[in-house]
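Visitor: Turn these sequences into a full structure, and let the hints steer you where they fit.
So the protein sequences, as listed, match chains A and B. Mapping of the first sequence onto this note's numbering: position 323 corresponds to residue 323, and the numbering continues sequentially without gaps. Mapping of the second sequence onto this note's numbering: position 82 corresponds to residue 82, and the numbering continues sequentially without gaps.
Keep in mind that the hints were calculated from the coordinates and are not lab data. Incorrect hints may have been included.
Calculated pairs, BS3-like style, for lysine-lysine (alpha carbon to alpha carbon, straight line, at most 30 Å) [said to hold, decoys possible]:
{"id": "1", "chain 1": "B", "residue 1": "K117", "chain 2": "A", "residue 2": "K462"}
{"id": "2", "chain 1": "A", "residue 1": "K72", "chain 2": "B", "residue 2": "K299"}
{"id": "3", "chain 1": "B", "residue 1": "K130", "chain 2": "A", "residue 2": "K607"}
{"id": "4", "chain 1": "B", "residue 1": "K267", "chain 2": "B", "residue 2": "K282"}
{"id": "5", "chain 1": "A", "residue 1": "K585", "chain 2": "B", "residue 2": "K113"}
{"id": "6", "chain 1": "B", "residue 1": "K338", "chain 2": "B", "residue 2": "K318"}
{"id": "7", "chain 1": "B", "residue 1": "K45", "chain 2": "A", "residue 2": "K540"}
{"id": "8", "chain 1": "B", "residue 1": "K267", "chain 2": "B", "residue 2": "K299"}
{"id": "9", "chain 1": "A", "residue 1": "K607", "chain 2": "B", "residue 2": "K120"}
{"id": "10", "chain 1": "B", "residue 1": "K113", "chain 2": "A", "residue 2": "K462"}
{"id": "11", "chain 1": "A", "residue 1": "K72", "chain 2": "A", "residue 2": "K89"}
{"id": "12", "chain 1": "A", "residue 1": "K585", "chain 2": "B", "residue 2": "K45"}
{"id": "13", "chain 1": "B", "residue 1": "K130", "chain 2": "A", "residue 2": "K225"}
{"id": "14", "chain 1": "B", "residue 1": "K120", "chain 2": "A", "residue 2": "K225"}
{"id": "15", "chain 1": "A", "residue 1": "K462", "chain 2": "B", "residue 2": "K120"}
{"id": "16", "chain 1": "A", "residue 1": "K540", "chain 2": "B", "residue 2": "K120"}
{"id": "17", "chain 1": "B", "residue 1": "K45", "chain 2": "A", "residue 2": "K462"}
{"id": "18", "chain 1": "B", "residue 1": "K267", "chain 2": "B", "residue 2": "K312"}
Partial selection, computed: residues in chain A whose CB lies under 7 Å from chain B [stated by the list, open to error]:
{"id": "19", "residue": "P92"}
{"id": "20", "residue": "L174"}
{"id": "21", "residue": "R387"}
{"id": "22", "residue": "L410"}
{"id": "23", "residue": "H422"}
{"id": "24", "residue": "P491"}
{"id": "25", "residue": "Y495"}
{"id": "26", "residue": "N500"}
Computed from a predicted model, the values in this text were never measured in an experiment. Note that CB positions come from ideal geometry on N, CA and C, so glycine has one too.
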Amino acid sequence: MATTDATSTASVHVAEHDHHEHYELNFWRKYVFAEDHKTIAKQYLITGIFWAIIGISFSVIFRLQLGFPQMKLEWLRPIIGNWIEESGKLSPDFYLALVTMHGTIMVFFVLTAGLSGTFSNFLIPLQVGARDMASGFMNMLSYWFFFMASLLMFVSIFLETGPAAGGWVVYPPLSALPQAHKGSELGMTLWLSSMALFIVSQLLGGINYITTVINLRTRGMSFSKLPLTIWAFFLTAVLGLISFPVLLSAALLLIFDRSFGTSFFLSDIYIAGEALPNVGGSPILFQHLFWFLGHPEVYIVMLPALGITSEIIATNSRKPIFGYRAMIASMMGIAFLAFIVWAHHMFVTGMNPFLGSVFMFLTLIIAVPSAVKAFNYITTLWRGNIRFTPAMLFSIGLVSFFISGGVTGLILGNAALDIQLHDTYFVVAHFHLVMGASSAFGLLAGVYHWFPKMFGRMMNDKLGYVHFWLTFIGIYSVFFPMHYIGIAGFPRRYYSFTSNDFTSNIFQDMNAFISLAAIVTFSAQFLFLYNFIHSLIKGKRATVNPWQSNTLEWTTPVIPGHGNWPGEIPAVYRWPYDYSKPGAKDDFIPQNVPYSQTPESNLPHEKELISLEQAIEAQNFNDQFKQPH
Amino acid sequence: MVYIVGLLSLVFLALAFMVFGRLTSVMKSVGTSGEQETYGGTSNKINGAMFMVFLILGTIAATWSFIHSTQYFLPEASSIHGRRTDGLFWGSMAIVTASALLTNILLFYFAYKYQYKDGKRATYYPENHKLELLWTVVPAVVMAIMVFTGWKAWRDIMSEAPEGAQEVELVGKQFNWIARYPGVDNNKLGAFNYKLIDNNNEVGIDYSDEAAFDDFTAPELHIPVGKPVLIRIRARDVLHSVFIPHMRVKMDAVPGMPTRFWFHPDKTTEQMRNETGNQNFKYEIACTEICGRGHFSMKMNLVVEDQESWNKWCAEQKPLLSSFPEYASRIPASLKAKAAKYLPTVGADTTSTASTGGVASSGSASLR
Ligand code: HEM
Ligand SMILES: [Cu+2]
Ligand SMILES: [Cu+2]
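Guide: Here it is in structure tokens:
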């Protein structure tokens with residue numbers, strides 16, 4: 001244990017230095033099997049970016065098929081080989097494989113692992129004031145389980161019979177019967193194994209996030225002073241912890257059905273010239289289990305993005321987030337209701353229509369807290385002093401997508417209207433805007449905002465602006481027209497629209513336009529990639545608090561070392577949103593500034609809080625050594 | 001439209017060039033770590049203004065593309081419930097589009113209006129309970145109305161089929177639909193069992209049920225106009241989903257769990273041909289649940305005709321039992337008499353089968 005007096009500010013640097021000499025970790029422990037939450041966050045980020053590139057390129061390939069059905073794709077043969085048929089066209093089997101992999105990768109690997117994994121890991125200890133996660137070891141396991149899941153999924157892409165291809169929802173019997181579909185052979189086995197590992201990773205991570213938030217908050221950091229990011233990550237972890245095990249059991253039962261002859265989801269099937277012995281199972285059961293995770297999952301993807309946005313919008317509007325308590329309440333409402341709306345994905349599966357009615361009412365209730373959040377963001381902008389950093393632009397874009405995509409949820413949640421729209425492009429438009437694009441914008445906003453804290457350098461603003469505008473316009477161009485195509489009745493997961501009269505010969509140019517827009521949007525992401533890598537090496541050095549923000553992570557050194565704060569962890573006295581407080585000298589007052597130091601700006605009830613400060617200061621539950629250890 | 005897409009692509013190209021033009025200058029500035037930027041700079045103004053530009057151009061583009069697309073939307077529904085849900089749909093769309101537009105306008109306008117100015121200070125405005133209550137309650141009420149109307153429609157659509165509805169059965173398999181009719185004599189669909197499926201008896205008709213004797217199958221669905229039709233839906237292998245876009249009908253086909261959907265078609269194919277001016281118009285049934293390689297091409301034509309020609313069409317169809325008399329061997333002895341009229345006479349029968357023909361012919365022989 002270092003003996004330097006850590007409380008004396010003068011020796012902070014020495015202490016940090018000292019510390020490193022004592023605990024020099026070897027390369028493997030430091031960068032690969034790291035237990036430091038910041039390193040793990042970066043591992044998640046890099047893996048997430050890797051998957052995003054793959055996932056989005058897949059969508060570009062199948063958009064080529066949809067937008068330009070006549071196009072010869074021979075030039076893709078060097079990359080995807082025999083999946084290009086003799087005729088020079090994409091094989092329908094591979095089309096479905098691409099769609100399935102795109103969905104799986106984007107939802108689970110990019111927007112769940114890449115988003116929560118990066119920012120929950122990075123921000124929870126830094127913003128609640130903890131040295132690290134509750135269990136660094138479990139945290140490390142969590143990443144490496146994710147890594148193994150990624151590896152299996154990646155390998156499955158190269159199989160002779162291709163990866164899973166039954167849609168990202170993998171409904172049996174299609175996914176259970178190898179004789180039904182190429183994608184249900186080895187690819188499906190790997191998909192299920194990969195998801196099982198992925199879920200283990202999510203659970204290990206989630207337990208850690210929850211424990212850290214509950215147990216390791218610094219002195220004075222009560223739940224009512226937590227930044228909204230932390231509230232969001234916390235509730236997300238709770239959602240995941242309750243719902244992912246259900247998907248795990250669904251996956252295990254499906255594995256049994258596939259390999260051990262059980263009949264959980266199979267009944268009365270005649271396929272490939274023979275009647276199968278399975279009776280008594282129910283394919284609908286799988287759908288219930290899947291969507292019991294599936295719907296919370298959409299909020300697992302969305303809540304962290306909303307949390308990140310809350311923080312960024314408040315900081316860059318230089319205003320407190322409007323309705324802090326209402327924001328927490330609506331997140332809790334959403335988190336609770338998310339568990340009791342799942343069957344709105346199943347209105348026309350033959351489920352009891354009475355159940356349909358119940359789920360329809362519940363679904364529309366969940367729209368209320370979602371609407372409240374949108375209104376609160378808008379009011380936060382009102383009479384602000386807005387700085388358009390790239391992160392801020394992406395956050396505003398997120399709110400726009402969340403609104404435009406969210407309102408169609410009201411249509412789809414209406415069972416009577418869902419009859420016509422279910423499984424058409426209208427649904428594709430809805431969920432890509434409300435979840436895909438919004439959550440991706442949350443991820444991008446987060447990277448732009450916390451890049452300085454992660455890597456000690458700034459990203460280039462100008463490139464960020466260009467990246468934002470191309471992506472924002474591009475995404476609307478891709479998904480807005482899909483509403484029209486959906487209203488015209490175009491079913492989703494169709495390889496081509498030539499078989500039916502009601503879809504052939506119409507909207508061809510619209511589909512071409514969408515595909516072009518998708519290509520432009522995809523290309524624009526390379527600006528980001530360039531910016532990311534370039535700034536990593538050559539970016540301008542960051543200052544300690546480049547955005548003049550209130551939360552605790554900006555009280556650490558520019559590049560926080562192991563243990564985050566070289567000396568004692570700061571105590572917290574106020575909420576994180578004291579921006580532009582009347583009377584205050586600066587337009588921000590960080591959380592660790594006691595009220596006793598800001599008499600000029602204290603509100604009446606805050607004057608009374610001064611008397612509590614000594615008690616807060618004296619507490620010391622989690623940081624007994626007052627320095628990293 | 002081709003021109004417009006061409007134009008839009010041009011705009012994109014121009015944009016891309018502009019971006020790359022700027023990029024080169026930006027690249028230069030990337031390396032040289034400039035001094036701390038002040039927030040009121042030109043970039044901030046441009047970004048603020050862009051939000052307004054986006055709002056205005058976006059609204060125009062959305063309106064124009066909508067007007068342009070309406071010609072491709074499905075024509076008015078050909079079923080009674082379909083017109084009801086269409087009305088609800090467009091009503092709800094009006095409400096949600098208006099609210100999305102309004103909130104987006106506020107979002108972009110505030111972003112533009114309250115952009116950073118030196119020396120300005122944001123208003124410390126952390127909450128306003130009245131406002132919050134208002135915008136919780138108003139959406140809740142509007143949504144309650146939308147749900148309530150929707151729920152009533154849903155309840156009616158999903159209610160039990162009315163007495164006297166015409167029943168037909170649709171069976172999905174990779175990758176086509178098979179329609180089965182209750183036949184001309186008893187208007188009842190016979191029992192089925194998936195274990196009885198083979199190449200000829202594709203839907204597994206169970207001939208131990210006398211209602212099955214006159215059932216026939218067809219690769220096309222014919223239904224009479226002007227009366228309720230109940231479709232009983234099954235799947236043989238994997239999930240499928242019956243989608244009749246013009247009727248606003250959709251219901252999954254689930255192996256092991258028969259489902260159903262009833263509706264009241266009130267426009268014949270002929271009428272639609274006249275209305276749309278397209279003499280080749282056909283009602284179609286598509287599949288909307290991913291079912292494998294041929295999912296996109298899994299379709300069936302639907303013919304809606306008046307009762308008379310429907311009856312006539314039915315009478316022309318041959319019960320499956322007549323086409324494949326060997327199944328007579330599955331008929332329990334007590335019912336053989338009833339099946340006789342669907343079976344060819346012995347003389348005609350001799351060529352049709354060798355193995356099971358014996359039983360069949362002996363069955364019919366004993367009748368005489
Ligand atoms: C305003 C609240 C919302 C309502 C009422 C709502 C309603 C619905 C309904 C009814 C469906 C099923 C449509 C169908 O399959 O026919 C659906 C699909 C979907 N929604 Fe939402 N939604 C809302 C918000 C969200 C949010 C916030 C997200 C994501 C963060 C989301 C993501 C999805 C996804 C991924 C699907 C499609 C899944 C699939 O079929 O593959 N929704 N939504
Ligand atoms: Cu849902
Ligand atoms: Cu299908």
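Visitor: Find the hints from earlier in the document that the structure breaks and name them by number, from lowest to highest.
Guide: When the structure is compared with the hints, none of them turns out to be violated.
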